[in-house]
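Top to bottom, those sequences are chains A and V.
If you read the first sequence in our numbering, its first letter stands for residue 52, the second for the next number, and so on.
If you read the second sequence in our numbering, its first letter stands for residue 9, the second for the next number, and so on.
Derived by calculation from the structure, the hints in this document are not laboratory data.
Just so you know, not all the hints are guaranteed correct.
On the chain A side, residues computed to face chain V include the following (Cβ under 7 Å) [said to hold, decoys possible]:
| # | residue |
| --- | --- |
| 1 | Tyr415 |
| 2 | Leu416 |
| 3 | Phe529 |
| 4 | Ser629 |
| 5 | Ser631 |
| 6 | Arg632 |
| 7 | Ala635 |
| 8 | Ile685 |
| 9 | Arg689 |
| 10 | Leu692 |
C-beta: ideal position from N, C-alpha, C; glycine also.
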Amino acid sequence: MIRRMAKVEIVGLKDTSLDVIDTIQELGVLHIEDLSEKLDKMGGRKRLSRMEIDPQASEHETKLNELREKIGEKIRELNPEVEKISSQEIQKEYHAIWSENTDLMISRVEKLLGEVDRDTKEAVERKEELLMELSRLEKYAPMMEKILPLAETVAASENMASIALLIERRFKAILNYLNEEIGKITQGESEVVSADVDEESTAALIVFSRRYLKEVHDFLSVQDVNQVRLPSDLGKKPLDEAVAEVRAKMAEIPPQIEEIESRIREAAKKYSVKLLAARNAVHDRLEAIKAVPKFAQTEQVFVISGWVPEDSVEIVEKTLQDKFGARVVLSVSDVRELEEEEGEEPPVALANNPYVRHFEFIYYLSQYPKYGTVDPTTIFAIFFPFFFGLMVGDIGYGIIIAALGWFVYKKWNDKPLASMLGYMLSIGGAWATFFGILYLELFGDLLEKAFEAWHIHLPLLGSEESFLKFPINRLESFTFMLLVTCGIGFIHISIGLVIGIINGIREGNKKHVMEKAGTLGALTGLVMIVAKMLTKAIPMPVAVAGGIIFIAGFVFSGIGGGMGGIVESIVGAGNILSYSRLIAIGLASVIMAQVANDLSRELWGGTFGVLMGIIVAILLHSLNLVIAMFSPSIHALRLHLVESFGKFFEPANFKYEPFKKSGGE
Amino acid sequence: MGEAVKVGLIAISAAIAIGLPALATAIAQSRIGAAMAGAVAERPELVGTAIILVAIPETMVILGLVIAFMITGLK
Chain A
52 MIRRMAKVEI VGLKDTSLDV IDTIQELGVL HIEDLSEKLD KMGGRKRLSR
102 MEIDPQASEH ETKLNELREK IGEKIRELNP EVEKISSQEI QKEYHAIWSE
152 NTDLMISRVE KLLGEVDRDT KEAVERKEEL LMELSRLEKY APMMEKILPL
202 AETVAASENM ASIALLIERR FKAILNYLNE EIGKITQGES EVVSADVDEE
252 STAALIVFSR RYLKEVHDFL SVQDVNQVRL PSDLGKKPLD EAVAEVRAKM
302 AEIPPQIEEI ESRIREAAKK YSVKLLAARN AVHDRLEAIK AVPKFAQTEQ
352 VFVISGWVPE DSVEIVEKTL QDKFGARVVL SVSDVRELEE EEGEEPPVAL
402 ANNPYVRHFE FIYYLSQYPK YGTVDPTTIF AIFFPFFFGL MVGDIGYGII
452 IAALGWFVYK KWNDKPLASM LGYMLSIGGA WATFFGILYL ELFGDLLEKA
502 FEAWHIHLPL LGSEESFLKF PINRLESFTF MLLVTCGIGF IHISIGLVIG
552 IINGIREGNK KHVMEKAGTL GALTGLVMIV AKMLTKAIPM PVAVAGGIIF
602 IAGFVFSGIG GGMGGIVESI VGAGNILSYS RLIAIGLASV IMAQVANDLS
652 RELWGGTFGV LMGIIVAILL HSLNLVIAMF SPSIHALRLH LVESFGKFFE
702 PANFKYEPFK KSGGE
Chain V
9 MGEAVKVGLI AISAAIAIGL PALATAIAQS RIGAAMAGAV AERPELVGTA
59 IILVAIPETM VILGLVIAFM ITGLK
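Generate the whole structure from the sequences, applying the supplied hints.
Structure, rendered in structure tokens:
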């Protein structure tokens, strides 16, 4: 259901403006209309102008932005476990920090940041230093360990100098060139040895007579090769000592980091709630400041315009009256008149019962329905799980999907998308179990095989030839199920067309009503004719009436929607056939489950065979289960969004987003 | 012999009924999928729409499957 909205205008004396904005933000029900766009259209012929932020508020904005940045930095440094913090705790702290006086609020936040700094700055800086040191050592260690054995293979003496190089492996060939060139420079008193460090780099050590140190350095500097320069504290030591020291340091640092992290965790426990509350408070104050340019003003008064749910108008009016008396006035405009005369479209908010609310998931894939039209969420909440169950139709899969969905729903209850998906899956799973009983399917044909083993004859109700029987074998009763699914499709599409007619009546659009009613008539007539063709039980006059309705429907849809209306009627018949996917996808699932069982039975025999059989069955059924969760969901969604909603759905341009405080959420 | 030929023709017909639409669906889905991958990279909020659009050509193979089943049911 779409909530009824009221257009309100709040006019008050300018000295009350900031308090009024604060009150409105506290109430959290007004969807602000940006008046600046209207003012721009009015051009120079106006007494109203865009409301300006006063210089002090502008200073506050700058300061608050800085504080928001700093709070974010502190939260990142302390890295609190946000999911373990309750919103009530944050809300409590929020009220301790929040003040209508922005200066006071800023000073509270600054004081908090000062305390956090005092308790954590040193630890955070030390941790950063240690991490940098560790990463530096981690970079050198593998190189040094590779270079060390190289150094041992070449002659070491005081007269010899050495330079370590790190080169990419793909340029390894350059070492031959360096060997030749350095050999020329040093008159043969040099040696180049190398070893691969990892998949990408190779370490090389050039040992040469110290007399040629400058020449070799000069040569290497123009060759663009990466010389390994050890840090000064290690560079002066012999290579073996340096390697030992690097190893020792690398072992010492992690415990130190762990100790510092435990100190930071302690600080996080102390400050994270306060910091999150401060972040919310600063955010809310900034939002209030940013809203100001959307309002209008004259020399004496300010004007705030927006939308409020009709049932909340009274509370807004009463609160403003109690707080500001005659200095602030709220007026309500008639939404219908505004829509007709000024073409204004109210924002859309939905108000559905708890069951249907979980199915508002569909609006992650589509926009909200336009204000004034019918909200189709209830239709979706009824038909989506029904279609899902009809397609999956297996007791085993149904129970697993329902349990899995319920687990997701409970586990991630605070995450809207996950909880909605979980709930939808659990209801869909319940329907799949119901249809599983109708089809008597448990992980494919396991029950059927069990009945054979127990000498119980199927069907349990009716005979093989009966039109209606229990259980319904989807493979053998394919034609029956095809008719049932097309019948369901006709009902589903008809509901869409009826909603289209209601929308047309609400909008006063006669042509729209005629087009939808005509399409509905054409489809109904067609179904009556087809029904007569399929069974002799239907008398001939029904088919004749169907023919008349069919032609009349065509004419009506043509008058209402022109060529588009006629095409729509023809497409409608195709849309009904599209519902055959309800049985086709189910069949694919049944066959796959049977293949899993047959393969498992083939392997059965002996310990190894039994084991293999179980593994194959589990693997294939798991795969089928994943497909059974994914594919029917997509197709049930598609049947709504394309086939049914396509008959009536008009998307909204604006979603109701009230101006409110985060309130510590 | 005549019966065997009939069964064979029915099987071939069913295979064509499901096989050709499957190929057509695959071609359509590959193009839509590639286009939607690009669109989602630019605007991640389109992922839901992308899944629905990729599923649209599946109607062909589903109707193919229905026809194939009807053909295999012929005596």
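Hint check results:
Because the smallest distance between the Cβ of Tyr415(A) and any Cβ of chain V comes to about 6 Å, under 7 Å, the interface hint for this residue holds. Taken as an interface hint, Leu416(A) checks out: its beta carbon lies about 4 Å from the nearest beta carbon of chain V, inside 7 Å. Among the interface hints, the one on Phe529(A) holds; its C-beta lies about 5 Å from the nearest C-beta in chain V, closer than the 7 Å criterion. Of the supplied interface hints, the one on Ser629(A) holds, with its beta-carbon coming within about 6 Å of a beta-carbon of chain V, less than 7 Å.
Because the closest C-beta pair between Ser631(A) and chain V is about 5 Å apart, less than 7 Å, the hint holds. This hint holds: Arg632(A) has a C-beta 4 Å from the nearest C-beta of chain V, less than the 7 Å allowed. Checking Ala635(A) against chain V: minimum C-beta separation of about 4 Å stays under 7 Å; hint holds. For Ile685(A), the suggested interface contact is upheld, since its CB lies about 5 Å from the closest CB of chain V, less than 7 Å.
At its closest, the beta carbon of Arg689(A) sits 5 Å from a beta carbon of chain V; the interface hint therefore holds under the 7 Å criterion. Interface restraint check: Leu692(A) against chain V, minimum CB-CB distance 6 Å, threshold 7 Å, status holds.
Checked against the numbered hints above, the structure violates none of them.
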